[in-house]
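Visitor: In the order they appear, the protein sequences are chains A and B.
Numbered per the numbering used here, the first sequence spans residues 64 to 176.
Numbered per the numbering used here, the second sequence spans residues 18 to 134.
Worth flagging that the hints you see were computed from the coordinates, not collected in a lab.
Each hint should be verified, as a subset may be incorrect.
[As the list claims (entries may be wrong)] Okay, derived cross-link-like pairs now, PhoX-like style, lysine-lysine, Cα gap no bigger than 25 angstroms in a straight line: (1) Lys141(A) - Lys57(B); (2) Lys58(B) - Lys136(A); (3) Lys159(A) - Lys53(B); (4) Lys175(A) - Lys57(B); (5) Lys61(B) - Lys39(B); (6) Lys159(A) - Lys61(B); (7) Lys159(A) - Lys133(A); (8) Lys36(B) - Lys26(B); (9) Lys136(A) - Lys61(B); (10) Lys159(A) - Lys58(B); (11) Lys141(A) - Lys175(A); (12) Lys58(B) - Lys175(A); (13) Lys136(A) - Lys118(A); (14) Lys141(A) - Lys58(B); (15) Lys159(A) - Lys88(B); (16) Lys159(A) - Lys69(B).
[What the hints assert, rightly or not] Reference excerpt, derived from the structure (chain A facing chain B, CB under 7 angstroms, subset only): (17) Arg106; (18) Gln107; (19) Met108; (20) Met152; (21) Phe166; (22) Ala168; (23) Gly169.
Glycine residues also receive a C-beta, built at the ideal position from the N, C-alpha and C atoms.
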Amino acid sequence: AQTVTQSQPEMSVQEAETVTLSCTYDTSESNYYLFWYKQPPSRQMILVIRQEAYKQQNATENRFSVNFQKAAKSFSLKISDSQLGDTAMYFCAFMKFGNDMRFGAGTRLTVKP
Amino acid sequence: DTAVSQTPKYLVTQMGNDKSIKCEQNLGHDTMYWYKQDSKKFLKIMFSYNNKELIINETVPNRFSPKSPDKAHLNLHINSLELGDSAVYFCASSQGNRGGRIFNEQFFGPGTRLTVL
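Let's have the full structure, built from the sequences with the hints guiding it.
Guide: And the structure:
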């Protein structure tokens, strides 16, 4: 079974600074997808960024980027120029082909003014 | 314009009652899901439903049953509610295949907070 581990239950960062959230996963699959979802206090689950395992290039979406290390089974999220609106729970998720998605336990990020 | 909608957003009920949560997606997706998020924010898949194929997480009690009247809807029925059923329930959907590529991104509904007294 695939497992996803987020080792940082809580993190904080000053507004405008950069923060990196960690995620590791365990799988024997070679083809899969990785995601970061954001859940603000509104409770809505919002996709932040996705990475296909067969792509070596790290995905980026504006201020959000990932460091995907396939051999190490690591998928960290970097948030640059942090904004107050980035305050949320962040979930790392693993999905193999077939739509079976597994989530990590989440990291609560607080952006301080 | 809402992609995945759930009703109700809040549900408070007594132990032992039977309740339903409705989910609708207007994205034309093939697969729908139900997740449970507990008080510690842990998200766990309960069911996935694709073209009338139901995949059940074996840890889900049989008091929970999904019902899909059509491809755009997957409702969650819960019988004999227990205190431990209190949680936020999320519906989600995804497109299995499109043009030969597999799009596995899941779109989530706003969640339903269920409180069992």
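Visitor: For every hint, state whether the structure bears it out.
Guide: Each hint, compared with the structure:
Taken as a hint, the Lys141(A) and Lys57(B) pair is honoured in the structure, with Cα atoms around 24 angstroms apart against an allowance of 25 angstroms. A C-alpha spacing of about 23 angstroms is found between Lys58(B) and Lys136(A), which places the hinted pair at or below 25 angstroms, so the restraint holds. This hinted pair checks out: Lys159(A) and Lys53(B) have alpha carbons roughly 20 angstroms apart, not beyond 25 angstroms. Only pairs whose Cα atoms come within 25 angstroms are accepted, and Lys175(A) paired with Lys57(B) is accepted, the gap being roughly 23 angstroms.
For the given pair, Lys61(B) sits about 18 angstroms from Lys39(B) by alpha-carbon distance, which is consistent with the 25 angstroms threshold. As the CA atoms of Lys159(A) and Lys61(B) are separated by approximately 16 angstroms, the hinted pair is consistent with the 25 angstroms bound. Between Lys159(A) and Lys133(A), the direct Cα distance comes to roughly 14 angstroms. Compliance with the 25 angstroms bound is thereby established for this hinted pair. Note on Lys36(B) and Lys26(B): the hinted pairing holds, with a Cα-Cα distance of about 13 angstroms set against a maximum of 25 angstroms.
Taking the CA atoms of Lys136(A) and Lys61(B), the gap is about 21 angstroms. The hint holds against a cut of 25 angstroms. Proposed proximity of Lys159(A) and Lys58(B) is supported: the alpha carbons are some 22 angstroms apart, at most 25 angstroms. Taking the CA atoms of Lys141(A) and Lys175(A), the gap is about 17 angstroms. The hint holds against a cut of 25 angstroms. Pair hint Lys58(B) plus Lys175(A) holds up; C-alpha atoms about 22 angstroms apart against a cutoff of 25 angstroms.
Distance hint between Lys136(A) and Lys118(A) is fulfilled; the C-alpha atoms sit about 14 angstroms from each other, no more than 25 angstroms. Distance hint between Lys141(A) and Lys58(B) is fulfilled; the C-alpha atoms sit about 22 angstroms from each other, no more than 25 angstroms. For a cut-off of 25 angstroms, the pair hint linking Lys159(A) to Lys88(B) stands: about 23 angstroms separates their Cα positions. Straight-line distance between C-alpha atoms of Lys159(A) and Lys69(B) comes to about 21 angstroms, which keeps the hinted pair within the 25 angstroms bound.
Nearest Cβ of chain B to the Cβ of Arg106(A): about 5 angstroms, under the 7 angstroms cut. The hint holds. For Gln107(A), the shortest C-beta to C-beta distance to chain B is roughly 6 angstroms, which falls under 7 angstroms, so the interface hint holds. Here the hint on Met108(A) is kept, as its CB sits about 4 angstroms from the closest CB of chain B, short of 7 angstroms. With a least beta-carbon distance of about 6 angstroms to chain B, the hint placing Met152(A) at the interface is held under the 7 angstroms criterion.
Against a cut-off of 7 angstroms between C-beta atoms, the interface hint on Phe166(A) holds, since the closest Cβ of chain B lies about 4 angstroms away. Because the beta carbon of Ala168(A) sits about 6 angstroms from the nearest beta carbon in chain B, less than 7 angstroms, this interface hint is met. Using the Cβ-Cβ criterion of 7 angstroms, the hint placing Gly169(A) at the interface with chain B is satisfied: the shortest such distance is roughly 5 angstroms.
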